[in-house]
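Chemist: Turn these sequences into a full structure, and let the hints steer you where they fit.
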Amino acid sequence: MKSVFRFLVLSSCLYGASVSITRAQKTPAEPEAAVIDDMDDYATIKVSDPLEPMNRVVFKFNDGLYDYVLRPVSKGYTTVVPTPVRSGIRNFFENIRFPVRFVNSALQGKFARAGLETEKFFVNSVAGLGGFIRISDEVPRLAAIPREDTGQTLGVWRIGSGPYLVLPILGPGTVRDTAGVVGDYFLTPINWNLRENLEWYTWQVHTGVQVVNGVNTLPDLLETYDAPRKDAFDPYIAVRSAYIQYREAAVKK
Amino acid sequence: MNLRTLFPNYAVVAAAVSIASLPIQARAAEASETLRAAVDEVLALAYDAKATTPLSVRVRPVVEKQFNLEIITRRAIGPGWKQFTAEQKTAAIQLFTDVVIRTYANRFEPGDRPVINYGKPVIPDAAKPALRELPSTITAAGKTFAVVYRVEQAGDSWRIYDVIIEGVSMIANWRSQLDPIFQKGGANAVIEALQKNLAQQPLK
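In order, the protein sequences belong to chains V and X.
Quick note on this note's numbering: the first sequence kicks off at 1 and runs consecutively.
Quick note on this note's numbering: the second sequence kicks off at 1 and runs consecutively.
Worth flagging that the hints you see were computed from the coordinates, not collected in a lab.
In silico BS3-like cross-links for lysine-lysine, where the CA-CA straight-line distance does not exceed 27 Å: (1) V:46 <-> X:82; (2) V:253 <-> V:46; (3) V:60 <-> X:184; (4) V:252 <-> V:46; (5) V:253 <-> X:128; (6) V:253 <-> X:143; (7) V:230 <-> X:143; (8) V:75 <-> X:143; (9) V:230 <-> V:46; (10) X:65 <-> X:204; (11) V:253 <-> X:120; (12) X:196 <-> X:184; (13) V:110 <-> V:253; (14) X:184 <-> V:230; (15) V:60 <-> V:75; (16) X:196 <-> X:82; (17) X:128 <-> V:46; (18) X:143 <-> V:110; (19) X:65 <-> X:82; (20) X:65 <-> V:230; (21) X:204 <-> X:89; (22) X:89 <-> X:65; (23) V:60 <-> V:230; (24) V:75 <-> V:230; (25) V:60 <-> X:196; (26) V:252 <-> X:120; (27) V:230 <-> X:89; (28) X:143 <-> V:252; (29) V:110 <-> V:252; (30) X:196 <-> V:230; (31) X:204 <-> V:75; (32) X:120 <-> V:110; (33) V:252 <-> X:128; (34) X:143 <-> X:120; (35) X:184 <-> V:46.
Chain X residues, not near chain V, derived (Cβ > 12 Å throughout): (36) 51; (37) 186; (38) 188.
Since the model is a prediction, treat every value here as computed from it, not as a measurement.
In this text, a Cβ means the ideal position worked out from N, Cα and C, and glycines have one as well.
Modeler: Next comes the structure, spelled out in C-alpha cells:
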C-alpha cells in the first residue's frame, strides 16, 4: 500500500494543535477586501478523473476490504504488539528503504539531499542499532529530509500525473505514481532476491519479512486513509483531493 | 566600477531595505507569537486530564476566537458564495463553524502531548502584507508532520484561515467537495449537505 499517503495520519493532532491566533475578539462584519477577493488562491485543483465511475466502485470495495479484513488485523496487531516495538520496526523498515530515497534524490539532481540521506542511513544503522532507533532525529540537518520516491522523480522530470486511479487494495494513486510504485519496489531491499547470496535467506524468511513489514505498516496507513475520509461530505472526493495535493506538494519539495 | 565602489551602495540599499521591512518583520513575529500562545491554549484544553465536558464544548470559544470562520466558510464554498443570500450566508457560517469545531475536536487522540517546533513566518505574497504563513512541525507518536498555518490580520488581531498539513490544505479539500454540490443544486444544496453531514456525525 502506498506509503505516500501516510501524511494525514495525525492531521489529527495537528488540526487540533493547529488552532488559533488572536488578540481582539471582534469579528469584522465584512472581512477585509484584500483577504476575501482572492478566491482564486483556492481554485480547486484540476484533477483528471475520467475513470471516476469505476474508481468509485473500487473505492467502495476498498472501504469494505479495509473495514472487514484489514482493520481487524490492524487492531489485533496493535493490541498484541506494544507501541515502542511497532515504532522500532517502522524505523527499521524505513531505514532500509534508503536506496529509494538516495537514488531518487540523485535522479532529481538533489545531490546534497542524497548525501544527507546517506549520512542518515549510516547514523541510524550504526548508532540506531540497525535502524530500530531513529537517532538521526537528534541531528537537526537530518531530522526533516523530504522523502523522495520514484513517482516524485517522474514528476520532477515533468511527466504529467495522468488520470487519478483507485486500485484494489492499494488505494488512491495516479498513473504516474503507480509507475513510481513499481520503481520503488525494485529499489527496496526487502524485495530483492537475496537467496542466491545468503543461504539463510530462505523464501520463508523472505515472506516473513514482507508480512511483518506489511502488518506493521497497516495501522499507520489506515489511520492516514481515515483522516480525510472521516467527516467528509463526499469521502471519495475528500481522499482524492488530499492525495493529489499531497503528491503535488511532495514533488515541489 | 569595482567592488569597493559598489560596496557603499549595497550597504545603503541593505540598510534601507532593513529599515523599511522592520514593521513587516515585527508584525510577522507578532503573528508567530500569537500562534504559539493559541496552540498552547488548545493543547492545554485537549490534554486536560481533569476535564469532564466534551472537547468540542471546551474548544468552541477558542475556535470562534482564533479562526476566521466567515473567511473559512466562504473560501470552502468557493465562487458560489457570491450567490448566497444574506440569510443563507449566516446559516452556512453557523453550520460550518460546527464542522470546523467537530473536525478540530475529533482529531485529538489520547496519548502523549505532541511536540511542536515553529519555523520563521513567511510573507507568501508581497502584495498582501496582511497574510502570513507560519510553518511548524508536529511530532506525535514517533511521527513528524509539516504543518503550515495561514493567518491574516484583521484589525489588530491575527486569525487562522487555513491549516496545511503535509501540503494538504483543509480549505482546498473542503472546496473540492462543496463546489460540485453547489454546481449541482445551488446554495440550498450546500446548506442541506452541511446539515446532513452534521446530523450524521454530530458534535460529541
